[in-house]
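Enquirer: Each chain is listed here by its residues.
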Amino acid sequence: MNEQARLIAGLDRVIHEPGRLMIVALLWPLKECDFLYLLSQSGLNKGNLSSHLAKLEEAGYVTVEKTFRGRMPQTILRLTRAGRAAFADYRTKLGALTLSTEDES
Amino acid sequence: MKNNLQDFLERPKRYDNIDGTGEMFMGLMMLGFAAISFLQPLLPRDSLWNRGLFGLLFMYAVLAPFFAAGFFLQRVVKKHWTWLRTGYAAFPCDAKAKRSGMLAGAGLGAVVGAVIAMFFAIMMVVSRHHTGAVTMGRVVYLGFWAPLYAFWIYRMSRDMWWKWMLAGLMAVGLATIGWTAPGGWLELGFPTALFVGAVWLASGAITLLEYLRTHRPPSAEAA
Chain A
1 MNEQARLIAG LDRVIHEPGR LMIVALLWPL KECDFLYLLS QSGLNKGNLS SHLAKLEEAG
61 YVTVEKTFRG RMPQTILRLT RAGRAAFADY RTKLGALTLS TEDES
Chain B
106 MKNNLQDFLE RPKRYDNIDG TGEMFMGLMM LGFAAISFLQ PLLPRDSLWN RGLFGLLFMY
166 AVLAPFFAAG FFLQRVVKKH WTWLRTGYAA FPCDAKAKRS GMLAGAGLGA VVGAVIAMFF
226 AIMMVVSRHH TGAVTMGRVV YLGFWAPLYA FWIYRMSRDM WWKWMLAGLM AVGLATIGWT
286 APGGWLELGF PTALFVGAVW LASGAITLLE YLRTHRPPSA EAA
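Chains as they are written, first to last, in the working numbering: chain A, 1 to 105; chain B, 106 to 328.
For reference, chain A alone in the conformation it holds in the complex:
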């Protein structure tokens, strides 16, 4: 297995999916946000967003807290420590992969 193939194989598949990558990237600079924020910023529909969040929660990368703002239901989302570490690792690997591709071309 060459270097590039090893790097590609090492990418976290939970984060690598474009929808989930977008969600994690949006959550990364924040302390927390709600479902509506991710909906407006990602452009995903409610069903897609919910299913991606469920996968991220299952992997332990995101915490989902159901609460209320007044009488309106509100879902607060936070990136966990594991989620932050996974995203940082993903970015490092992606950077290395980009560099190795540039070196070969």
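Please note that the accuracy of each hint is not assured.
No farther apart than 27 Å at their CA atoms in a straight line, the calculated lysine-lysine pairs in the DSS-like style are these [said to hold, decoys possible]:
no.: 1; chain 1: A; residue 1: 66; chain 2: B; residue 2: 118
no.: 2; chain 1: A; residue 1: 55; chain 2: B; residue 2: 183
no.: 3; chain 1: A; residue 1: 46; chain 2: B; residue 2: 118
no.: 4; chain 1: A; residue 1: 55; chain 2: A; residue 2: 31
no.: 5; chain 1: A; residue 1: 93; chain 2: B; residue 2: 118
Distance ranges between label pairs, derived from CB positions [as the list claims (entries may be wrong)]:
no.: 6; chain 1: A; residue 1: 91; chain 2: B; residue 2: 322; range: 33 to 41 Å
no.: 7; chain 1: A; residue 1: 84; chain 2: B; residue 2: 121; range: 47 to 55 Å
no.: 8; chain 1: B; residue 1: 212; chain 2: A; residue 2: 13; range: 35 to 43 Å
What the hints contain is simulated information worked out from the structure, not anything from laboratory work. C-beta atoms are modelled at their ideal positions from N, C-alpha and C, and glycine is treated no differently.
Dock chain B against the given chain A, drawing on the hints supplied.
Expert: Leaving out everything else, chain B in the frame of chain A:
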């Protein structure tokens, strides 16, 4: 892909000013500086409030209501309009990042403050002997604000074409002030701060109106 990722990482920063509250805050602070420039010459020449620490206290006292108005305006708009329409987002990610951000901000502020203070001190000394320096001081002082506003637009809302026009208007307005207002750069303080503050405030208010026009609150959240 890396560029797209970077765009998503920078979105929360731009989102903070999606409702124009950041600009309105800056506008109010500039109006606060205009108030200082207006009130300070009204004080008696030998007044305690014109000297050292008391001078600083006077500045803080005049600025405080403007700062408070900007702060509460941001809170109210976000709580009652923005979070209901396009969602709630809280910064920063952790206390350590907040601390380093504050330290970096304070460091940068100190450096910028020191450079400006040095510039003013040099200009005060030089302008006593060379009238050309007065003109140069005026040009540098007036030339500072439009690029600052343009930089803000570039960082926060570069896709809003009308803000670039507003930056042009600001440059023309500042040139007019420079052309018509008498005196050195010290006398320019009031009209300049008033004009820049008004433009910045108007830019924020238009952004807020545009945001409210284009974003309706959803009936209920679905998660």
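Enquirer: Run every hint past the structure and note whether it holds.
Expert: Status of the hints after comparison with the structure:
Between residue 66 of chain A and residue 118 of chain B the alpha-carbon distance is near 25 Å, which keeps this suggested pair within the 27 Å criterion. With a CA separation close to 30 Å, the supplied pair residue 55 of chain A and residue 183 of chain B exceeds the 27 Å bound. Restraint check for residue 46 of chain A and residue 118 of chain B: satisfied, since their Cα atoms lie roughly 24 Å apart, inside the 27 Å limit. About 20 Å separates the Cα atoms of residue 55 of chain A and residue 31 of chain A, which keeps this hinted pair within 27 Å; it holds.
Between residue 93 of chain A and residue 118 of chain B the CA atoms are separated by roughly 25 Å; this keeps the pair inside 27 Å, and the hint holds. Remark: the range hint 33 to 41 Å for residue 91 of chain A to residue 322 of chain B is upheld by a beta-carbon distance near 35 Å. Separated by about 21 Å at the C-beta atoms, residue 84 of chain A and residue 121 of chain B break the suggested range of 47 to 55 Å. Distance hint for residue 212 of chain B and residue 13 of chain A: a CB-CB separation of about 41 Å, consistent with the stated range 35 to 43 Å.
Hints 2 and 7 from the list above are not met by this structure, while the remaining hints are.
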